[in-house]
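There are 2 protein chains.
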Amino acid sequence: MREAWIVGAGMTAFGRFPSRPLRDLAGEAARAALADAEAAPERVQAIIFANATQGALEGQHGIRGQAALDGFGFGNAPVINVENACASASTALHLAQTLVASGAYDCVLALGAEKMATPDPAAAMAAFEGSWDLSRRAETIASLAAMGRDVTPPPEAEAAAPHSVFMDVYAAFCRHHMAKFGTTQRQMAVVSAKNHAHSVANPRAQYRRPFTIDEVLAARLVAWPLTLPMCSPISDGAAAALVCAQPLGQASRAVRIRASVLMSGERRDPDRLEDHVARKAARRAHELAGLGPEDVDVVECHDATAFGEILQSEMLGFFPLGEGGPAAERGETRIGGRIPFNPSGGLESKGHPIGATGLGQVFEIVSQLRGEAGARQVEGARIGLVENGGGLRGVEEAAVAVTLLERA
Amino acid sequence: MREAWIVGAGMTAFGRFPSRPLRDLAGEAARAALADAEAAPERVQAIIFANATQGALEGQHGIRGQAALDGFGFGNAPVINVENACASASTALHLAQTLVASGAYDCVLALGAEKMATPDPAAAMAAFEGSWDLSRRAETIASLAAMGRDVTPPPEAEAAAPHSVFMDVYAAFCRHHMAKFGTTQRQMAVVSAKNHAHSVANPRAQYRRPFTIDEVLAARLVAWPLTLPMCSPISDGAAAALVCAQPLGQASRAVRIRASVLMSGERRDPDRLEDHVARKAARRAHELAGLGPEDVDVVECHDATAFGEILQSEMLGFFPLGEGGPAAERGETRIGGRIPFNPSGGLESKGHPIGATGLGQVFEIVSQLRGEAGARQVEGARIGLVENGGGLRGVEEAAVAVTLLERA
Numbered sequence: 269m270r271e272a273w274i275v276g277a278g279m280t281a282f283g284r285f286p287s288r289p290l291r292d293l294a295g296e297a298a299r300a301a302l303a304d305a306e307a308a309p310e311r312v313q314a315i316i317f318a319n320a321t322q323g324a325l326e327g328q329h330g331i332r333g334q335a336a337l338d339g340f341g342f343g344n345a346p347v348i349n350v351e352n353a354c355a356s357a358s359t360a361l362h363l364a365q366t367l368v369a370s371g372a373y374d375c376v377l378a379l380g381a382e383k384m385a386t387p388d389p390a391a392a393m394a395a396f397e398g399s400w401d402l403s404r405r406a407e408t409i410a411s412l413a414a415m416g417r418d419v420t421p422p423p424e425a426e427a428a429a430p431h432s433v434f435m436d437v438y439a440a441f442c443r444h445h446m447a448k449f450g451t452t453q454r455q456m457a458v459v460s461a462k463n464h465a466h467s468v469a470n471p472r473a474q475y476r477r478p479f480t481i482d483e484v485l486a487a488r489l490v491a492w493p494l495t496l497p498m499c500s501p502i503s504d505g506a507a508a509a510l511v512c513a514q515p516l517g518q519a520s521r522a523v524r525i526r527a528s529v530l531m532s533g534e535r536r537d538p539d540r541l542e543d544h545v546a547r548k549a550a551r552r553a554h555e556l557a558g559l560g561p562e563d564v565d566v567v568e569c570h571d572a573t574a575f576g577e578i579l580q581s582e583m584l585g586f587f588p589l590g591e592g593g594p595a596a597e598r599g600e601t602r603i604g605g606r607i608p609f610n611p612s613g614g615l616e617s618k619g620h621p622i623g624a625t626g627l628g629q630v631f632e633i634v635s636q637l638r639g640e641a642g643a644r645q646v647e648g649a650r651i652g653l654v655e656n657g658g659g660l661r662g663v664e665e666a667a668v669a670v671t672l673l674e675r676a
Numbered sequence: 269m270r271e272a273w274i275v276g277a278g279m280t281a282f283g284r285f286p287s288r289p290l291r292d293l294a295g296e297a298a299r300a301a302l303a304d305a306e307a308a309p310e311r312v313q314a315i316i317f318a319n320a321t322q323g324a325l326e327g328q329h330g331i332r333g334q335a336a337l338d339g340f341g342f343g344n345a346p347v348i349n350v351e352n353a354c355a356s357a358s359t360a361l362h363l364a365q366t367l368v369a370s371g372a373y374d375c376v377l378a379l380g381a382e383k384m385a386t387p388d389p390a391a392a393m394a395a396f397e398g399s400w401d402l403s404r405r406a407e408t409i410a411s412l413a414a415m416g417r418d419v420t421p422p423p424e425a426e427a428a429a430p431h432s433v434f435m436d437v438y439a440a441f442c443r444h445h446m447a448k449f450g451t452t453q454r455q456m457a458v459v460s461a462k463n464h465a466h467s468v469a470n471p472r473a474q475y476r477r478p479f480t481i482d483e484v485l486a487a488r489l490v491a492w493p494l495t496l497p498m499c500s501p502i503s504d505g506a507a508a509a510l511v512c513a514q515p516l517g518q519a520s521r522a523v524r525i526r527a528s529v530l531m532s533g534e535r536r537d538p539d540r541l542e543d544h545v546a547r548k549a550a551r552r553a554h555e556l557a558g559l560g561p562e563d564v565d566v567v568e569c570h571d572a573t574a575f576g577e578i579l580q581s582e583m584l585g586f587f588p589l590g591e592g593g594p595a596a597e598r599g600e601t602r603i604g605g606r607i608p609f610n611p612s613g614g615l616e617s618k619g620h621p622i623g624a625t626g627l628g629q630v631f632e633i634v635s636q637l638r639g640e641a642g643a644r645q646v647e648g649a650r651i652g653l654v655e656n657g658g659g660l661r662g663v664e665e666a667a668v669a670v671t672l673l674e675r676a
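Line by line, the protein sequences give chains V and Y. For the first sequence, position 323 matches number 591 in this note's numbering, and the numbering has no gaps at all. For the second sequence, position 233 matches number 501 in this note's numbering, and the numbering has no gaps at all.
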């Protein structure tokens, strides 16, 4: 299999930009990735375009990428539109890497863009709900309720929670983990406060205000035990990576894709976290690269909620089951700790424009491996891991991508 | 680049099946492709799932393939959801071939499924319209009106036409071709009658009733000069191809992918058909395979309307510009003619379940190359060509795929 390199990375700020259409965000990220690689648009032989909500929110189905990139200068290069819910952008990166590895293409742009800040919250909710297997929704809700019942929320909690489908799902997973391993709400608050502290140094983050642990705990409840600063927001944004068969531009700034693994979750016993699909994907990625968790210097993971980061820190093999919360509490996952998670601020604070998220994570790891992350730099980072998950099939993520990147 | 073979092909009947959900259609096609290859689901290492309308019609976005294939037995094999309007299924085949060529996967299922027959025609229309670049819709409509003005429809025509966005588009292209090359409405009727005659022998076709040329001309007008039997219908259906690095099962039934080319249309002068993206894609496919149009024995092309077939017979290099209509009139494109087009009945008569169409075309060519097409067999077919187009960017197809297949 031919090697594939990330030779350029680009990203807009994440946030809420009512006056910027999708085309504008996508164009900025694409231009930034090309400029970073010192490459002209003609160099790009194919574009993989990731987006999750434009169908539901704007009625633009089918050819979202062609519409967003019309007139950009890519000529007749094929545009391939992909969706995998919150893992759409990592799916695009996986395809870009594989297309380059095949020899059919030498240079492929993976581009994710999302425009979610809409005046119609019901439409946004419908877009989210499409990330479920809707035909089996009732059954999944019953499984989740069963998972969540092990820990009783305080009496005021249920009344306070507004309806939010995916945050309810995360809360059920979280309560299950609390019951099984003794994970605490305070540990979730530690993760949230850490990520909000990280993003203070990230000029592209949606939020750049620090929270104390007590402030996180005292904030508005979304779905017990998750409070608002523990949950990723609604965001607009775009991110891109140019993947080529050889380093372009300054060779020392190229980043090698050591492994790119995509898997789909299958129905499983909710109680057996040992069989979690992220665990399998991480093992496979390490196998492919001939590396172990001990070789990884920095991680961006899918903290759609603070609990997601605790869970993934275990699934990805960095801590034993049940040890993710205590490790976070000991400071092991902050910048300067043993294995820094989400130096960008993560989805919780950097933002979560669904179809752009995976490539936003890649942008952060590429910056870290190049030593260009400024005040949030993880010193000496050589190997980085990206984990991005999306959708729900039963109690599993419908898609999980684990990518290992290495500096040149 | 590693070779890729179609080792199994499967297809449901195309038609209107109110009681069959998408999952049921997708499952039937997937099972048929696996059975054809004598392969178990465990053999499949990745699934590329194509669908165009489920977001708009059912609210199932994001993880359509995971939802449709839940419980099928594919385990943790990644599902990658792709969209490219009417070219979605060919995009899936192109990815399957490239993934196999990369060496990262040995066996990939390309699967397209569509469920369009809905009690709500407005929703179906919204799904279609999403195949445009909606943000530039007004501009495109103005270009099309300018293209179509060269030929004046009879006075009763406009009043008779119900509103149908994509048929209006085809009609504008068609009038332009009539003005430029003298193509006639009767030539369109010849193509339609031929395709309806072909599908009488196709047990999977939506319509199996022959039409005389005069019957086609006398039928209800959809958008002048196109009458109902010249236009593809609303259809449900699914089709699949299992693509592997080696022949499986009976080696003599494997079909080699000689070339798979995907391109996106870019804005161009509507008058310069020489620059049409399908022309470029066909040339590139022939270059890659070291073949010319004279080597091709049978074609399935994207006859969303009868005019589409006339245009593509020119774009694909089988006839000079303006000669497609006369060649059809001389019988060169019927079974038994010099180069048979759409022996399956084509989109016009076999049906057009958008996200399944490209793989339905592949199913037909695979059957033809194996000599398994029964009463519609093209004698001695060794090389087949599939052309599938989708979406609209300016006056160009937003995606065009040309595939060359060869019998083992």
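Think of the hints as simulated: they come from the structure by calculation, not from any bench. Careful, some of the hints might be misleading.
To be verified - With beta-carbon atoms standing in for the labels, derived distance ranges:
| id | chain 1 | residue 1 | chain 2 | residue 2 | range |
| --- | --- | --- | --- | --- | --- |
| 1 | Y | Glu562 | V | Ser520 | 37 to 45 Å |
| 2 | Y | Asp374 | V | Thr480 | 26 to 34 Å |
| 3 | V | Leu556 | Y | Pro309 | 47 to 55 Å |
| 4 | Y | Gly605 | V | Arg552 | 23 to 31 Å |
| 5 | V | Glu306 | Y | Gly371 | 49 to 57 Å |
| 6 | Y | Gly371 | V | Asp543 | 43 to 51 Å |
Claimed, not checked - Where chain V lies over chain Y, by a calculated footprint (3+ residues, C-beta under 8 Å):
| id | segment |
| --- | --- |
| 7 | 291 to 299 |
| 8 | 360 to 372 |
| 9 | 404 to 413 |
| 10 | 445 to 454 |
| 11 | 575 to 581 |
| 12 | 657 to 670 |
To be verified - Some chain Y residues judged to face chain V by a derived CB distance under 10 Å, without partners named:
| id | residue |
| --- | --- |
| 13 | Ala314 |
| 14 | Val347 |
| 15 | Ser356 |
| 16 | Ala394 |
| 17 | Gly398 |
| 18 | Val433 |
| 19 | Tyr475 |
| 20 | Leu496 |
| 21 | Arg606 |
| 22 | Ile607 |
| 23 | Ala643 |
| 24 | Gln645 |
Bear in mind that the values here come from a model prediction, so they are computed numbers and not experimental data. Just so you know, even glycine gets a beta-carbon here, dropped at the ideal spot from N, CA and C.
Hints, verified against the model:
| no. | hint | in the structure |
| --- | --- | --- |
| 1 | Y:Glu562 with V:Ser520: 37 to 45 Å | violated (51 Å) |
| 2 | Y:Asp374 with V:Thr480: 26 to 34 Å | violated (53 Å) |
| 3 | V:Leu556 with Y:Pro309: 47 to 55 Å | violated (23 Å) |
| 4 | Y:Gly605 with V:Arg552: 23 to 31 Å | violated (52 Å) |
| 5 | V:Glu306 with Y:Gly371: 49 to 57 Å | violated (29 Å) |
| 6 | Y:Gly371 with V:Asp543: 43 to 51 Å | violated (28 Å) |
| 7 | 291 to 299 | violated (count 1) |
| 8 | 360 to 372 | holds (count 8) |
| 9 | 404 to 413 | violated (count 1) |
| 10 | 445 to 454 | violated (count 0) |
| 11 | 575 to 581 | violated (count 0) |
| 12 | 657 to 670 | holds (count 7) |
| 13 | Ala314 | holds (8 Å) |
| 14 | Val347 | holds (5 Å) |
| 15 | Ser356 | holds (8 Å) |
| 16 | Ala394 | holds (6 Å) |
| 17 | Gly398 | holds (3 Å) |
| 18 | Val433 | violated (12 Å) |
| 19 | Tyr475 | violated (25 Å) |
| 20 | Leu496 | violated (24 Å) |
| 21 | Arg606 | violated (29 Å) |
| 22 | Ile607 | violated (25 Å) |
| 23 | Ala643 | violated (36 Å) |
| 24 | Gln645 | violated (32 Å) |
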